[in-house]
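S.K.: Sequence:
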Amino acid sequence: MLKLYYNPGSCSLASHAALEEAGLPYEAELIDLTQNAQFSDAYRQKNPWARVPALQIGDDVLTENIAILNHIAELVPEKALLPTEGLARARALEWLALRLCCKDWRQSEVGCRSAPIRRLLRNGG
37 MLKLYYNPGS CSLASHAALE EAGLPYEAEL IDLTQNAQFS DAYRQKNPWA
87 RVPALQIGDD VLTENIAILN HIAELVPEKA LLPTEGLARA RALEWLALRL
137 CCKDWRQSEV GCRSAPIRRL LRNGG
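Under this note's numbering, think of the first position of the sequence shown as 37, with each following residue one higher.
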């Protein structure tokens, strides 16, 4: 079972939207950044960077959107969330690095217009 540690409106939105788009079963746990929950000992054991998102996969935890998005795409290759090989995959990862590392998600081309993102925002995710 997958478990996403997230905070609404943060950069965890990309991973949250990808899980929804993938149709994978997952549990979501809110990390309340306004209460500094990311700095709790329990959460830092899962993510020593003390940031969201983090994706728990059994006993392992992935951090950072690019790694999480890549893993989600590999779990459901039939959904073609990312290209599977070659230069097309490299270009997709290049785009993710640029957009996720260099821009706030609200300024990106994806923003709030994407159907999975609208659904998450509407449901308080």
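Don't read these hints as lab results, they were simulated from the structure.
Treat the hints with care, as some may be off.
Below, computed lysine to aspartate or glutamate pairings styled on DMTMM-like, alpha-carbon distance capped at 25 Å [to be verified]:
id : residue 1 : residue 2
1  : Lys39     : Asp95
2  : Lys115    : Asp77
3  : Lys115    : Glu130
4  : Lys82     : Asp95
5  : Lys39     : Glu114
6  : Lys39     : Glu100
7  : Lys82     : Glu63
8  : Lys39     : Asp77
S.K.: Are there hints from earlier that the structure breaks, and if so, what are their numbers?
M.R.: 2
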